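Participant: Spelled out from the first residue to the last, the chains are:
2 protein chains.
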Amino acid sequence: MTEPTIHPVILCGGSGTRLWPRSRKAKPKPFLPLVGDRTLFEATLDRWLDEDNFAEAVIVAGEAHLPHIADQAGGDATVIVEPQAKNTAPAIGLAVALLPKDAIMLVCPSDHHIADSAAFTATARGAAKLAAEDWMVAFGIAPDRPETGYGYIRTGEPISGSSGGGNRVDRFVEKPDRATAERFLAEGGHAWNGGIFAFRAGAFMDELEAHRPAMAEAVRKAVAGGRYVGQEFHPAPEPFAGISGESVDYAVMENTERAAVVPADMGWSDIGNWEALRDARPGDDAGNRTSGEAELGECRNVLVETDGPRVSVIGLDDVIVVVDNGEVLVTSAAGAQLVGKLSGAANQ
Amino acid sequence: MTEPTIHPVILCGGSGTRLWPRSRKAKPKPFLPLVGDRTLFEATLDRWLDEDNFAEAVIVAGEAHLPHIADQAGGDATVIVEPQAKNTAPAIGLAVALLPKDAIMLVCPSDHHIADSAAFTATARGAAKLAAEDWMVAFGIAPDRPETGYGYIRTGEPISGSSGGGNRVDRFVEKPDRATAERFLAEGGHAWNGGIFAFRAGAFMDELEAHRPAMAEAVRKAVAGGRYVGQEFHPAPEPFAGISGESVDYAVMENTERAAVVPADMGWSDIGNWEALRDARPGDDAGNRTSGEAELGECRNVLVETDGPRVSVIGLDDVIVVVDNGEVLVTSAAGAQLVGKLSGAANQ
Numbered sequence: 001m002t003e004p005t006i007h008p009v010i011l012c013g014g015s016g017t018r019l020w021p022r023s024r025k026a027k028p029k030p031f032l033p034l035v036g037d038r039t040l041f042e043a044t045l046d047r048w049l050d051e052d053n054f055a056e057a058v059i060v061a062g063e064a065h066l067p068h069i070a071d072q073a074g075g076d077a078t079v080i081v082e083p084q085a086k087n088t089a090p091a092i093g094l095a096v097a098l099l100p101k102d103a104i105m106l107v108c109p110s111d112h113h114i115a116d117s118a119a120f121t122a123t124a125r126g127a128a129k130l131a132a133e134d135w136m137v138a139f140g141i142a143p144d145r146p147e148t149g150y151g152y153i154r155t156g157e158p159i160s161g162s163s164g165g166g167n168r169v170d171r172f173v174e175k176p177d178r179a180t181a182e183r184f185l186a187e188g189g190h191a192w193n194g195g196i197f198a199f200r201a202g203a204f205m206d207e208l209e210a211h212r213p214a215m216a217e218a219v220r221k222a223v224a225g226g227r228y229v230g231q232e233f234h235p236a237p238e239p240f241a242g243i244s245g246e247s248v249d250y251a252v253m254e255n256t257e258r259a260a261v262v263p264a265d266m267g268w269s270d271i272g273n274w275e276a277l278r279d280a281r282p283g284d285d286a287g288n289r290t291s292g293e294a295e296l297g298e299c300r301n302v303l304v305e306t307d308g309p310r311v312s313v314i315g316l317d318d319v320i321v322v323v324d325n326g327e328v329l330v331t332s333a334a335g336a337q338l339v340g341k342l343s344g345a346a347n348q
Numbered sequence: 001m002t003e004p005t006i007h008p009v010i011l012c013g014g015s016g017t018r019l020w021p022r023s024r025k026a027k028p029k030p031f032l033p034l035v036g037d038r039t040l041f042e043a044t045l046d047r048w049l050d051e052d053n054f055a056e057a058v059i060v061a062g063e064a065h066l067p068h069i070a071d072q073a074g075g076d077a078t079v080i081v082e083p084q085a086k087n088t089a090p091a092i093g094l095a096v097a098l099l100p101k102d103a104i105m106l107v108c109p110s111d112h113h114i115a116d117s118a119a120f121t122a123t124a125r126g127a128a129k130l131a132a133e134d135w136m137v138a139f140g141i142a143p144d145r146p147e148t149g150y151g152y153i154r155t156g157e158p159i160s161g162s163s164g165g166g167n168r169v170d171r172f173v174e175k176p177d178r179a180t181a182e183r184f185l186a187e188g189g190h191a192w193n194g195g196i197f198a199f200r201a202g203a204f205m206d207e208l209e210a211h212r213p214a215m216a217e218a219v220r221k222a223v224a225g226g227r228y229v230g231q232e233f234h235p236a237p238e239p240f241a242g243i244s245g246e247s248v249d250y251a252v253m254e255n256t257e258r259a260a261v262v263p264a265d266m267g268w269s270d271i272g273n274w275e276a277l278r279d280a281r282p283g284d285d286a287g288n289r290t291s292g293e294a295e296l297g298e299c300r301n302v303l304v305e306t307d308g309p310r311v312s313v314i315g316l317d318d319v320i321v322v323v324d325n326g327e328v329l330v331t332s333a334a335g336a337q338l339v340g341k342l343s344g345a346a347n348q
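Keeping their order, the protein sequence lines are chains A and B. Quick note on numbering: my numbering labels position 243 of the first sequence as 243, and the sequence is numbered without any gaps. Quick note on numbering: my numbering labels position 167 of the second sequence as 167, and the sequence is numbered without any gaps.
By construction, these hints were calculated from the structure, which means they are not laboratory data. Be aware that one or more of the hints could be misleading.
[What the hints assert, rightly or not] One-sided excerpt, in silico: chain B residues whose CB lies under 7 angstroms from chain A:
1) VAL81
2) VAL311
3) ASP318
4) THR331
Computed from a prediction, not measured in an experiment: that's the story for all the values here. Even for Gly, the Cβ is constructed at its ideal location relative to N, Cα and C.
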């Protein structure tokens, strides 16, 4: 069997407010070099650059992101411009309606970090084979801590007779409480839902029609009435405006009879907050990470990120200091999840 | 007995590097409004403004401080300009040599905070009476914690027959270790040496001649060869240059047979570092203190001081954040004593 050609579909959504003040409305998280020299978006594009069997990426993004995409993606990618933000199911629906029915899509957020590209590619190939057999495939990220910030996937029976490996999904679990997350980790058989999926376009549309017929119709009409401006595809706004926004998890994955999960152990992080960003970067012997001019004394596991002013830190453990364009954030690692609620982050 | 007229002598010394980055070489600690709206120097002058029996202050300062003194002291005070920084004994010696022999001097650092002015004044009056009887009088600050950053005074026998109250000094103790400081606090009979003294000018000069004759001679010659420029008195630099710098504690107080101590319970702080500064300011219900634009969430006993950029802090206890003119300092309260060793503070 030949390897199916994989069409990467990159979803540029989310505001990254928990990474304020570095991530701002005007230049949000995907377009920042948060880990290494490349932005998360550039690194997402890089991931399949040198691989066979990967087609040019299709990017789904809102109007506000277009200048950043033009800067960072070069000129070749097709960009589907969402008339409105409607969550992931309609965003994927637009790409589905635009691609050929037999296209195997690999849907990836634009703002995740994956340390092990080779593992990612291998997982993607397995997922693509399952998708070619009309499985709706989720990446199941190997969990390494009792994280309460992610949804979980309970792994079911192995899928026999597929060359793609993988398992049926027993069920999707909403973000658990701490005790439940600890149980999942101890029991095994649970993976994080990383928001990375593989589908055959036609199969996805069939599922959308079965479970969200109005959304399926609206998406098809928006694409049928859309137009290209260069490499930008602009769906018709009216049909899209009537859609009720919904995640692909709710609209499709939790309803389909053919949900599959492939195990993904690839150094994944959603860089969901400053603590996650700290952990995705290599530290020195004391676990400290600094970017910009910084002096640390008697510190452990401290992250300093400054765009100019010198930052001097003494005697702190597990603290994050960010200086960006006239804003100074100082938070405990545990407090990092609350950053989005600060006035500075919320009222941009 | 009439109350003696008290001549305040204000020593402007010390660099305040532990209060970096707010305190800088160009505008050091005494001349900053660190507690309340008045600078520490202004507050020092204010302390006897409305009191009877206080003469105009004599200020002893280095050349670099003159513009700040001119700004903040108004035009009336006499300023003795130290040709070089030689520590407190020679600085006091200059004032002693300039004042009449029977002047009762109250020597005060320019950069301490005293919350209870009435208690200060009452203590000063008692000390002045003892000084008029040729006692060399130290203020013994009532200790409220086992501080290892100050010298201590062990109180001796009560001085009988003086209307000034007070006790003989049993001995001066160098900065103790923690266990010793705890013992002092438990035992009682020990006070902090706050660097505030009362002397009769002639008595001080007699003691200096007895214990540091070269210093006494150099000081007298520097004053004899000095000249006034307006209200500024410039001692002759040559005799002063030969002096070995020494503190008044070492040169006089530890050697005299007539060392006395008066108890001083007056809300004193030397504002020696950011932790001390935090503690000298009133806090909110959670013990937080902010100056400038700040937002705190789930914080306790946090001090934020910013000259412009907004500072947002989450989930921290007992931490100090200072933003000043392009420098950002974040320190644990305990780490505050190390601030002077930071590159930013040390290499100004």
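Participant: Provide an ascending list of the numbers of those earlier hints which the structure does not satisfy.
Facilitator: Of the numbered hints, 1 and 3 do not hold.
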